[in-house]
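Chemist: Residues per chain are reported as follows:
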Amino acid sequence: MSDDGLVLLQLHEPGETPVPHQDEAGLAVGIDLGTTNSVVAFSFDTEVEVLKDENGKALIPSVVHYKDDGSVVVGREAREAILESPDQVVSSIKRLMGRGLEDVKSLAGTLPYDVEVPPEGGMVRLRVAGRTLTPVAISAHILMAIKDRAEQAMLGKAVTRAVITVPAYFDDAARTATKDAARLADIEVLRLVNEPTAAALAYGLDNSVEGLYAVYDLGGGTFDISILKMEKGVFQVKATGGDAVLGGDDIDHAVAEYFLAQRQAGAAITAGEVKQALMTARVAKECLTGRQSGEWMIELDGTASRHSLTRDELEKLAAPFVERTIEICRGVVEDAGIDVSDIQGVVLVGGSTRMPLVRKRVAEFFGREPLSDINPDEVVAVGAALQAEALTRGSDTLLLDVTPLSLGIETMGGIVEKVIPRNTPIPVAMAQEFTTYQDGQSAMSIHVVQGEREMVDQCRSLARFVLRGIPPMAAGAARIRVTFQVDADGLLTVSAQEMTTGIEQHVAVKPSYGLSDDEMANMLRDSLVHAKDDMAQRLLTESVVEARRSVLAVKSALGVDSDLLSDDERQAIDAAIEAVETACAGTDRDAVNAAVETLEDSTKGFAEKRMDRGIRQALAGVSVERLDDALGGE
Amino acid sequence: MTASIATAAASVVPCWSCKGPVATRALFCSVCGAVQGPGTIDHFSRLGLQPTFDIDLDLLEKQYFGFQRRLHPDRFAAKSAKERALSQSQATALNEAYETLKDPLKRAAYVLDLKGHKVDLTACGTINDPVLLMEQMEKREAIAEADTVDTITKLSAEADTEVIACQCHISAAINAGAFEEAVHLTIRLKYLAKLAEEARTKKTRMTRAMR
Chain A
0 MSDDGLVLLQ
10 LHEPGETPVP
20 HQDEAGLAVG
30 IDLGTTNSVV
40 AFSFDTEVEV
50 LKDENGKALI
60 PSVVHYKDDG
70 SVVVGREARE
80 AILESPDQVV
90 SSIKRLMGRG
100 LEDVKSLAGT
110 LPYDVEVPPE
120 GGMVRLRVAG
130 RTLTPVAISA
140 HILMAIKDRA
150 EQAMLGKAVT
160 RAVITVPAYF
170 DDAARTATKD
180 AARLADIEVL
190 RLVNEPTAAA
200 LAYGLDNSVE
210 GLYAVYDLGG
220 GTFDISILKM
230 EKGVFQVKAT
240 GGDAVLGGDD
250 IDHAVAEYFL
260 AQRQAGAAIT
270 AGEVKQALMT
280 ARVAKECLTG
290 RQSGEWMIEL
300 DGTASRHSLT
310 RDELEKLAAP
320 FVERTIEICR
330 GVVEDAGIDV
340 SDIQGVVLVG
350 GSTRMPLVRK
360 RVAEFFGREP
370 LSDINPDEVV
380 AVGAALQAEA
390 LTRGSDTLLL
400 DVTPLSLGIE
410 TMGGIVEKVI
420 PRNTPIPVAM
430 AQEFTTYQDG
440 QSAMSIHVVQ
450 GEREMVDQCR
460 SLARFVLRGI
470 PPMAAGAARI
480 RVTFQVDADG
490 LLTVSAQEMT
500 TGIEQHVAVK
510 PSYGLSDDEM
520 ANMLRDSLVH
530 AKDDMAQRLL
540 TESVVEARRS
550 VLAVKSALGV
560 DSDLLSDDER
570 QAIDAAIEAV
580 ETACAGTDRD
590 AVNAAVETLE
600 DSTKGFAEKR
610 MDRGIRQALA
620 GVSVERLDDA
630 LGGE
Chain B
0 MTASIATAAA
10 SVVPCWSCKG
20 PVATRALFCS
30 VCGAVQGPGT
40 IDHFSRLGLQ
50 PTFDIDLDLL
60 EKQYFGFQRR
70 LHPDRFAAKS
80 AKERALSQSQ
90 ATALNEAYET
100 LKDPLKRAAY
110 VLDLKGHKVD
120 LTACGTINDP
130 VLLMEQMEKR
140 EAIAEADTVD
150 TITKLSAEAD
160 TEVIACQCHI
170 SAAINAGAFE
180 EAVHLTIRLK
190 YLAKLAEEAR
200 TKKTRMTRAM
210 R
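In order, the protein sequence lines correspond to chains A and B.
At position 590 of the first sequence the residue is numbered 589 (numbering that gives the first Met the number 0), and the sequence of numbers has no breaks.
At position 169 of the second sequence the residue is numbered 168 (numbering that gives the first Met the number 0), and the sequence of numbers has no breaks.
If you are wondering where the hints come from, they were derived from the structure by calculation, not from laboratory data.
From the three backbone atoms N, C-alpha and C, an ideal C-beta is built for every residue, glycine too.
Fair warning: there could be bad hints in the mix.
[Unchecked claim] Partial list, derived from the structure: chain B residues whose beta carbon lies under 7 angstroms from chain A:
| no. | residue |
| --- | --- |
| 1 | V11 |
| 2 | G19 |
| 3 | P72 |
| 4 | S79 |
Please model the entire structure based on the sequences and the hints provided.
Modeler: Structure (structure tokens):
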């Protein structure tokens, strides 16, 4: 920029110019898809608005009511229906995203859901009001309601893209399930952002904080703790940890168990009654944030009972869970390689941090009063909205996140060999070489797990796949290089290559707790949105984005090297550009692709002449590193 | 002459997007602005640093942040699929460079690798050097036997000091061109670091138990 500090023109860096016609793609919002409540927010010029319903409420209870008439209701109304028709209502579905039957928590021996597991194992299904639903489909219903809310609040403008937050400690299966749910709800996920990181972004931008900060995020179903270094707009996660099934729900469970134990042992309780007891317990817990004691009624099987609870008693019930979070904090501080005293501030996130016991223990552990000046229920959505704007309109801030869990593969004897250790910055790629142990062996089975334990059965199974087509060789001669890649969403992809022959393998990964492609296709077909049209639209958009990039590239080239062209050549290129622009205005994807191909053909000669000139200049000592010269740090 | 033509030709490649000439090491095409692939360059060059073991960690971080600001996938979320994929490769390469150079042990092994001396850090368990083996066994025993917070604190501090000392020796050896010795010291550093880690873990555990 100019020396006197006067900025006349806001110049974008090459590669950072916003995509033209971005409004065509619809608005981008930030969604905190919570266990208990969800929140949606929108940011424009880093001014964030949390979108509210007509009653001014920001929180959308993550509760879905599947009614007899086939209609689906989400939110406050659905939550109220728990007492009336518990069998038709689903809550806390986030805890089952990418989970198996062994992860479902029972109360007094009864599960709060009517669940089934497909014969081949994998993610649980819920039987609700005569339907069998996956957690992905139920989450999609919540996301559709959030989308509706956002579109109403944005005066009917289409909301098509979002940053969706997930617990930092979510594993690959749960992240994939979240992304699948968004697809069913017709929302394009710009990025999955970890909840504590989103909260840090909201705090960092608001208070222009610098240094090391801890974000303690205790929600309804999940606990995360992240330690971040914030510096000049960079938010670098140093270490993260947590428990994907530890939250306010567990305290509700403990309180409900306590209440039920006070009742005379009667007939076994039903799944519906479990839900009612849990709801009463939650109300009791929340009341005791402001009061010292209270009394609540539970009506089961026609008989009502009264239960009193004091804050002291509640805190005794909650203490084991809170202590577990403190224990996890201790481990993460160690992982970050720092001392507690190095931390400049602690941010509280999540509704469960309203509990006085939580605040007291966090303050004791970190040796300072935690910050909670941004509403702990809304701060994650605020951060997500800021990131949604950053991704679509550009930004100076940067989030650098890490993998929460180590990624490994099963070796002989069920021992895990770590491939990518936890707290590695993402995106990351690591390769591992394998060999055959039998002469002529043509296939090899690989089992990918996530977790910190040494034995496979103590880690979470992510996926299994078989490498086929290994050329016949003596045992130990084949060298198969398997590359594990974790992208910026924290999602894993695997590819494999036989190194002696160079044969690239397509790896079909069968997720252990995911949905198969067929299942996903069926769900998309059955979903309320017109998935097929939607898919066609996406492909068209992708082609148009690519076509516009091609045109811009050719125009830039013409800007510097058009003297290399004869008039005829120039006319041919101009005509081809025009044809692409015309095709982009239409809706025929094939026409767009064909026009781009013609453009590429018509510029081939031009490209050769440009390369010749470039090499001649390089030979003459003229640097083509016009940009490269200016590279470096900040 | 032919050699210089080859050099000149090798320093220029076609940009995947506008097909014009772009420097092999450029991050972006100077004509059309498209992000380029990460290429194969060493970790120091990738982060714009001098190839030395005695690295300024603040500068490393500053360079890393600077490059990530321009190349991270978040900067390309609304771009074409190809540009998103290239930015992911760039960011992945930056992370690998940063993770390698940040850690003294990995950095030492990497610098020696660049000098043509392989240090195998993954070979676990076996120590070929009898002196190192003896020393490690004695120290490990001392840590295992430490039964007071004072003892373990002292051992932990000693272990940390030895790690730092070993890093200084590695630096001196590399700077003197004594690469064989530096390889030897790097293997030693690996075990010292492991020992220091064990001592620290035990210290934390014992201090916690005291409360």
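Chemist: Are the hints correct? Go through all of them and say.
Modeler: A quick look at each hint next to the structure:
The criterion of a C-beta within 7 angstroms of any C-beta in chain A is met by B:V11, whose closest approach is roughly 5 angstroms, and the hint holds. Hint status for B:G19 relative to chain A: holds, with the closest Cβ pair at about 4 angstroms, below 7 angstroms. This hint holds: B:P72 has a C-beta 4 angstroms from the nearest C-beta of chain A, less than the 7 angstroms allowed. Proximity of B:S79 to chain A holds as hinted, the smallest CB-CB distance being about 5 angstroms (cut-off 7 angstroms).
Checked against the numbered hints given earlier, the structure satisfies every one of them.
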